[in-house]
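Here the protein sequences come in this chain order: A, B and C. Sequential numbering of the first sequence, starting at 1, is according to the working numbering. Sequential numbering of the second sequence, starting at 1, is according to the working numbering. Sequential numbering of the third sequence, starting at 1, is according to the working numbering.
Please note that the accuracy of each hint is not assured.
[Stated by the list, open to error] Covered stretches of chain C (in silico footprint by chain A; criterion: 3 or more residues with CB under 8 angstroms from a CB of chain A, positions within the stretch not fixed):
hint, stretch
1, 60-66
2, 229-236
3, 256-270
[Unchecked claim] Just a sample of chain A residues kept apart from chain B, beta carbon distances all over 10 angstroms, derived:
hint, residue
4, PHE22
5, PHE70
6, THR80
7, PHE143
8, THR148
9, THR230
10, ALA242
11, LEU280
12, ARG282
[To be verified] Simulated coverage check for chain A against chain B, where a stretch passes if three residues somewhere in it have a Cβ under 8 angstroms from a Cβ of chain B:
hint, stretch
13, 54-61
14, 163-175
Source of the hints: derived by calculation from the structure; they are not laboratory data. The C-beta atom is built at its ideal place from N, Cα and C for all residues, glycine as well.
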Amino acid sequence: MSGSGTLLATGTGLTELFSHAFMVDALLAGVPIAALAGLVGYFMVLRSQIFTGDALSHAAFTGALGALAFGIDARLGLFTVTLAVAAGLGLLGNHGRADDVVIGTVFAWVLGLGVLALSVYASSYHATSNGAAGVTVLFGSIFGISSTQATLAAAIAFVLIGLMLGIARPLLFASLDQAIAAARGVPVRGLGVVFLLIVGATAAEATQAVGALLLLGLLAAPAGAAQRLTTRPYVGMTLAAALSMLAMVTGLLTSYLIPKVPPSFAILAVATLIYAATFLRRINYPSTGTNTAPSEQVDRPDRSHSGVPG
Amino acid sequence: MDSPDDTVIELHDAAVRLGDRTLWSGVDVDVRSGEFVAVLGPNGVGKSTLVKVILGLLPLSAGSIRVLGGAPGSMNQQIGYLPQRRSFDPQLRIRGTDVVRLGLDGDRWGIPLPGGRRVSPRARAAATRVEEVIDLVDAAAYAGRPVGRLSGGEQQRLLIAQALASEPRLLLLDEPLDSLDLPNQSAVAALIARICEREGVTVLMVAHDVNPILSYLDRVVYIASGGAAVGTPAQVITGPTLTRLYDNPIEVLTTSDGRLVVVGQPEAPAHHADRHAP
Amino acid sequence: MTHVMSVASAGSLQPQPSWNLLEDVRQAFMYPFMVNAFRAGAIVAVLAGLIGWFMVLRRQTFAGHTLAIVGYPGAAGAVLVGISATYGLFAFASIAALVIGLVPNTGGRGYSEESAVTGTVQAFALACGFLFVTLYGGFLSGANALLFGSFLGITSDQVIALLLVALAAAAVLAVIARPLLFASIDPDVARARGVPVRGLSIGFLVLLGVAAAEVSQITGTLLVFALLVVPAATAQTWTTRPVLSVLLTVLIGVSVTWISLLVAYYSPYPIGFFLTTFAFAAYLISVGWRRLHTEERRAPLSVRA
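Assemble the whole structure, with the sequences as input and the hints as a guide.
Here's what the structure looks like:
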């Protein structure tokens with residue numbers, strides 16, 4: 001049943017795959033989450049907020065373990081903490097973006113709290129009943145997800161995707177042309193906060209699939225690849241989601257066929273490979289100060305004998 | 001084109017105070033439909049602040065203002081705005097065409113339907129308008145390339161196209177020629193003048209050097225020393241007028257090729273409040 | 001995960017603090033590993049402070065965090081292959097530094113591509129670490145120490161090794177400090193004056209990788225931030241004069257590390273938590289203090305000509 005290469009060759013192999021509930025549940029949860037992560041990740045790369053995503057994944061870790069340490073459902077802590085932290089970041093920063101150093105400092109502490117929660121949890125009586133919960137939070141265990149959990153995760157993912165599609169256009173405008181969008185009535189700050197909340201929720205969702213430590217890869221790699229492949233924003237968004245789903249499905253299949261390979265590793269490996277592949281085609285970025293066509297020079301007009309100064 | 005009773009921007013006895021400092025006061029400006037007006041003055045005097053007031057982003061501390069017949073900020077859908085020193089990250093992987101498109105409907109929720117062009121006439125009209133306005137600014141050759149890779153002048157043209165996409169009645173440009181070299185300055189200035197005339201758009205442009213646009217200007221708003229002088233260039237950019245404005249002896253000279261030089265202007269104060277104003 | 005990273009679970013009795021500082025320190029120092037821990041902690045804090053100061057200046061905190069994390073699979077892989085974890089740690093961190101420095105052709109300003117690469121590298125590195133650990137089976141507790149930090153069982157040899165690496169790194173830093181400062185603050189002008197900005201960038205990233213690997217041996221790879229970023233960020237809120245700022249960074253770093261070590265000795269909780277908490281507290285207090293006091297000082301200046 002596992003690791004046998006001949007299963008791939010036969011048609012019955014695939015139907016057999018779907019007869020396993022754990023596989024169906026994993027796909028049910030994983031695919032929408034992957035699509036969400038790709039879509040959200042596209043905007044994160046555009047807005048240079050990948051680091052914020054890193055911070056939110058730490059918050060996810062702390063939230064989940066904190067909940068476990070207190071004996072409540074990990075998902076409760078997961079969502080609460082990520083959303084709270086996302087809101088905090090959005091409100092603290094200018095137009096919904098905070099300074100790197102500040103983010104890093106706060107999140108070092110949040111992760112420190114997570115470490116505390118882990119150690120409290122590990123030595124508490126809860127640990128004896130479910131000792132592997134720490135690993136699950138860190139690295140995911142999508143094959144262990146139950147049907148109800150999977151359905152809920154999928155439902156939440158769909159809602160979030162819908163929300164993202166709703167704000168996609170004004171968010172794009174606000175990300176590219178902040179001042180102009182603001183003048184045109186786009187609620188730039190509000191959108192920034194809402195977006196971060198969605199990122200927080202996505203981090204919480206993705207933790208269930210690939211774990212808190214790895215979800216950054218699902219946010220960054222498909223989006224990075226998509227941006228290298230196209231310059232049309234709506235195509236890019238779709239591509240990011242598609243590549244993410246591809247990584248998820250391929251990763252899950254690989255892990256199913258080779259059980260020694262943990263699913264979260266497989267998923268991330270595929271995502272990374274896809275991103276790496278896009279580097280084969282060189283994109284010539286103009287370096288700073290020379291983003292000019294050969295016929296034009298970008299330099300300050302000579303003012304020594306110009307007209308009305310000021 | 002010129003309907004005198006169609007006033008686009010009306011300021012009466014306007015004043016702006018930032019903190020405990022009065023930027024300018026007693027400003028009276030009437031910009032009529034179809035005019036090409038420049039806002040001039042030394043650095044830090046509050047030219048960008050005037051633009052923000054017109055957009056409704058900053059309130060007046062005194063006086064009144066009406067923009068396109070309504071309160072500032074309420075008619076922004078009909079204003080094309082180009083903020084100061086806009087330059088895209090060189091690594092940005094988004095097409096020029098898409099940046100221009102955002103000027104048309106970027107503030108609407110949701111996303112455009114894929115393949116919408118084939119389905120809905122509205123989507124077709126939008127795509128046509130984008131092409132039209134890109135042609136208008138002569139950017140068709142490079143609009144399909146990622147904006148980050150374009151030169152300053154090319155990016156500027158696309159941003160003007162973006163501002164024009166929604167067929168605004170008023171174009172607000174904040175130092176658009178600032179980072180361009182001389183040939184580009186005159187080309188873009190000519191472009192703006194052409195747009196002003198052909199499309200019937202009112203243009204209000206903040207500039208620190210009047211020379212590239214001098215021959216196209218209808219009127220000038222010259223802000224200095226807490227006040228403003230409004231009139232045609234011939235009226236405003238003269239020794240007597242500027243001397244009165246600055247309360248200091250100023251001379252305006254004309255070079256052999258028709259450029260204006262202002263001599264004797266006192267050093268501008270060191271704070272640049274209008275750059276950092278919210 | 002069936003471990004707790006402290007003295008308590010090591011089988012010995014939970015040491016009780018006497019709440020007399022000198023007595024507590026004396027008691028802790030009865031154990032040679034604690035003395036070593038303090039030495040190692042000081043070395044690591046100094047190195048982290050020096051390099052972290054530049055890292056904060058250059059806004060490369062994300063890269064620093066990632067380079068530390070990348071050490072995790074290096075160490076795990078090394079153990080899997082049968083060599084000392086430390087070699088793997090340093091090797092992977094250095095390689096990752098080169099990758100981050102070389103691959104995205106950013107030219108200094110471009111942020112979006114570099115962050116996507118860094119995020120991917122970080123996640124993939126952790127994923128590999130996880131893979132190695134699951135393949136190896138029972139290594140998990142050691143892996144946790146690597147992720148979250150531990151100061152147990154630091155031998156004198158390890159202290160000497162740390163010292164040598166730190167001295168080498170500090171020497172390199174001393175040589176490149178001035179051009180690096182120039183290149184960090186004003187890359188275009190520096191380039192024009194002949195400073196090898198790109199080379200320095202890459203060199204600095206490698207140095208950062210080495211420092212991160214070193215620091216992670218005490219704080220764990222996940223919490224390297226606590227010593228790289230926070231003391232430097234705190235010091236920079238007090239002063240912008242370079243020499244003073246660096247000295248203050250080192251002072252804060254060493255103090256926080258020693259206090260955390262002492263508290264962690266007497267507590268069943270991991271050192272990583274105390275380190276981040278105390279460092280963050282120092283940061284908050286500094287920022288708060290400065291904010292209050294600059295408000296007062298601003299008022300008289302509002303009268304302008």
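Right, here's what the structure says about each hint:
Figure legend: the stretch 60-66 of chain C, annotated as covered by chain A; annotation consistent (3 residues with Cβ-Cβ distances under 8 angstroms, at least 3 required). With 3 residues carrying a beta carbon less than 8 angstroms from a beta carbon of chain A, the stretch 229-236 of chain C meets the three-residue requirement, and the given coverage holds. Beta-carbon proximity to chain A at under 8 angstroms applies to 3 residues in the stretch 256-270 of chain C; the threshold of 3 is reached and the given coverage holds. The beta carbon of A/PHE22 sits about 35 angstroms from the closest Cβ of chain B, which is more than 10 angstroms, so the claim that it is off the interface holds.
Consistency note on A/PHE70: stated as away from chain B, and its beta-carbon is indeed over 10 angstroms from all of that chain's, at 39 angstroms minimum. Every C-beta of chain B lies more than 10 angstroms from that of A/THR80, the closest at about 28 angstroms, which supports listing it as non-interface. The beta carbon of A/PHE143 sits about 34 angstroms from the closest Cβ of chain B, which is more than 10 angstroms, so the claim that it is off the interface holds. Residue placement check: A/THR148 keeps its beta carbon more than 10 angstroms from all beta carbons of chain B (closest about 32 angstroms).
Taking the minimum C-beta to C-beta distance to chain B, about 8 angstroms, the non-interface status of A/THR230 is violated against the 10 angstroms cut. With 10 angstroms as the threshold on Cβ separation, the claim that A/ALA242 sits away from chain B holds: the shortest Cβ distance comes to roughly 13 angstroms. Interface exclusion of A/LEU280 from chain B stands, the closest Cβ pair being 16 angstroms apart, more than 10 angstroms. The beta carbon of A/ARG282 is kept farther than 10 angstroms from every beta carbon of chain B, the shortest such distance being approximately 13 angstroms.
Given a C-beta distance limit of less than 8 angstroms, the hint that chain B covers the stretch 54-61 of chain A is violated, as 0 residues qualify and 3 are needed. With a threshold of 8 angstroms between beta carbons, the proposed coverage of the stretch 163-175 of chain A by chain B holds, since 8 of its residues qualify and at least three are required.
Comparing the model with each numbered hint stated earlier shows that hints 9, 13 do not hold.
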